[in-house]
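Trainee: In case you want the letters, here they are:
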Amino acid sequence: MSQEQILSSDGIPLEESLKKAERKNKLKAFFLVGPLLLFLLITFVFPIGDMLFRSVDDRMITKMLPNTFKALETWDGEELPSEEVYKAFYDDFYPLAMAKKSGKLYQRLNYEKSGFSSGLKKTNRKIKKFEKANYKEQFMKTHKIWRKVEYWTALKNTAPNWSYAKYLKGLDLKFDEDRNIVQQDEDRRIHKILWMRTLNVAFWVTVFCFILAYPISHLLATLPMKYSNLLMICVLLPFWTSLLVRTSSWMVLLQQQGPVNDLIVWLGLAADDNRPELMYNVIGTFVAMTQILLPFMVLPLYSVMKTISPSLMRAGKSLGGTPLISFIKIYFPLTIPGIGAGCLLVFILAIGYYITPALVGGASGSLISNTIAYHMKSSLDWAFASALGTMLLVGVLAIYWVYNKLVGIDNIKLG
Amino acid sequence: MALPNHTPWNYRVWHYTYLFFCGLVFFFLIAPLFVILPLSFNAEQYIHFSAKMLALDPEGFSLRWYEDMIYGTKNPWGLATKNSLIIAFFATIGSTVLGTVAALGLSSRHMPYKAAFMALLISPMIVPLIISGTAIFFFMAKVGLAATHTGIIIAHIILGTPFVVITVTATLTGFDHSVTRAAASLGSNPVNTFRKITLPLIMPGVISGALFAFVTSFDEVIVVLFLAGLDNTTIPIQMWVGLREQLSPTILAVATCLIVMSTLILVSAELLRRRSDRLRGINR
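Quick mapping for you: the protein sequence lines, in order, are chains U and B. Residue numbers for the first sequence follow my numbering, beginning at 293 and rising by one. Residue numbers for the second sequence follow my numbering, beginning at 33 and rising by one.
Treat the hints with caution; some may be incorrect.
Stated by the list, open to error - Simulated crosslink set (EDC-like; lysine to aspartate or glutamate; CA at most 20 Å straight-line):
| # | chain 1 | residue 1 | chain 2 | residue 2 |
| --- | --- | --- | --- | --- |
| 1 | U | K518 | B | D309 |
| 2 | U | K466 | U | E404 |
| 3 | U | K448 | U | E478 |
| 4 | U | K669 | B | D263 |
| 5 | U | K414 | U | D383 |
| 6 | U | K466 | U | D384 |
| 7 | U | K396 | U | D349 |
| 8 | U | K320 | B | D208 |
| 9 | U | K355 | U | E404 |
| 10 | U | K393 | U | E376 |
| 11 | B | K174 | U | D342 |
| 12 | B | K174 | U | D554 |
| 13 | U | K355 | U | E370 |
| 14 | U | K420 | U | D384 |
| 15 | U | K461 | U | E376 |
| 16 | U | K440 | U | D350 |
| 17 | U | K420 | U | E365 |
| 18 | U | K440 | U | D554 |
| 19 | B | K146 | U | D383 |
| 20 | B | K174 | U | D350 |
| 21 | U | K598 | B | D208 |
| 22 | U | K518 | B | E302 |
| 23 | U | K418 | U | D368 |
| 24 | U | K466 | U | D302 |
| 25 | U | K598 | B | E302 |
| 26 | U | K362 | U | D384 |
| 27 | U | K436 | U | E376 |
| 28 | U | K436 | U | E375 |
| 29 | B | K174 | U | E376 |
| 30 | U | K669 | B | E277 |
| 31 | B | K84 | U | D554 |
Derived by calculation from the structure, the hints in this document are not laboratory data.
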């Protein structure tokens, strides 16, 4: 038999009553987190899910041409479809043409196969005069796309409701006529360059931030309090200053008649009438981003270096190590957590940067975020913007996950 | 950091090189901000230093761009400032309340799956703003809050909460939970305990979180760019528009005002942090 059960004052076994109290406490804690959690789920997590959904949602054509797709189901794809299919297309297209709602269809189908746009436009004009019989013949007379099997194949290919075509486009790939994935034509491969440039800029900004931040974090951590507090302002003031203010100061500095160019001319590195372009290219993006993100590298490094006891270096010295060897063997390994935290933070922030590249980057210095904004605001290809956004998000979340594993979210320090 | 007298010359060189390099980096960090200050007092319509300014001639300086900022007829800074303040005010309150309450829950040792929830609650800070902006725009358009103050305030609450959660959780790590138990044993109900005991103790963390939330909202461009209509323009949006068209001295005047403001915020945040450390008995 088990031991005699211990009872609490109201006669319930102690173990049970403890469990109950534990449950109550858990629930209480959860209730406190609840409101924010619910708020974020509704306004943030769900919308991001919705964005993901938009990027693969391809129901537009199926919705616009329901009869056609039904009729095409039985089509073998070998030769031109039967009269029935043409009639079904007429039934779908006629109301669209009458209501002037067929515009989106041209665009979408022309993306699938060029030639659709002009063919459909012509059909749109002529369809009003169609007789209600012999549809196949009338369509074939209207435009050459209705006389070719490839166009029907292309149309049938759009039948699935979900498509990852936008993701392929984001990687400069596309479907050919037989649904094989092939490279985009040479002159249209722009996204791969963009991804590479984004990664490149983020990588080099991280490296330079590290090179610049390491010595000054060390200085801040080793100086006596009264000096380091003063110098810390140099790090914290930019940190607290509006991003636009900092970007505009770089625009002032890097312009053709600006102080940096003046300095270059004064040093004799360039002629006065041949001042180098420092802005509206990748140099501008790079320099401005390095300065703007530098505090995010200094703060984690500083907080780690602050905890390293100076006696460790003295011990290294007393054991006969030169300063260099003591540094490599003792100090540097101890700062690795800070290096990891700073580098990951700067890289995450840099990879999604928008404002600075948009203002000082010009065309050759723009990053993936700028392309997303372009498709959101100008070309209005929201599905493609969502696809690019999702790809970027997956990358960032992967780094975030690594960050969480290595550093721990609760170790993010602010200020 | 004076070197001892017996330091060999090569270490000496190395040490001064190091200090020189650090000086350059500090200069790189802080100098760009100070370029703006003198140029905003420029008497001419250029944004580079005129000969008169370099000669420190009083005629080279003027307050005309500040006048233009305040009284200029086609300048929307008044409306923008009003909007920015309204939005930042409500967004700060929203994120501070939600964030503080959530941080209290997260810091409880009974909270299950703490790390996972923390990661989720902080994610708005990590997700690139362009993605948050896109997603929030779709959402607001769906629920009919695009181009309204409410929509922008909600968006800024999302972006501000992670900062409050982080600062308040940090304050709570040094929190002695026996004081709340003592209050409870003396017959205080939980709400009263929170109001009279916990809140005053974590106040520095709450306020510095609120400052972060305020600055985040006050500086935020990307999400507002997606959400704002003509009536919701804010200071950053106006700066953004101005910078895209042409860099004018008026913008530099606005930028100077913002630098002054951020200096004030920095000073108060620093004072708060020290007070918080002192209250929690951490001597740094």
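Trainee: May I ask which of the numbered hints given earlier this structure violates, with the numbers listed in increasing order?
Mentor: Numbers 3, 6, 10, 12, 13, 15, 16, 17, 18, 19, 21, 23, 24, 29 - these are the hints that the structure violates, sorted from lowest upward.
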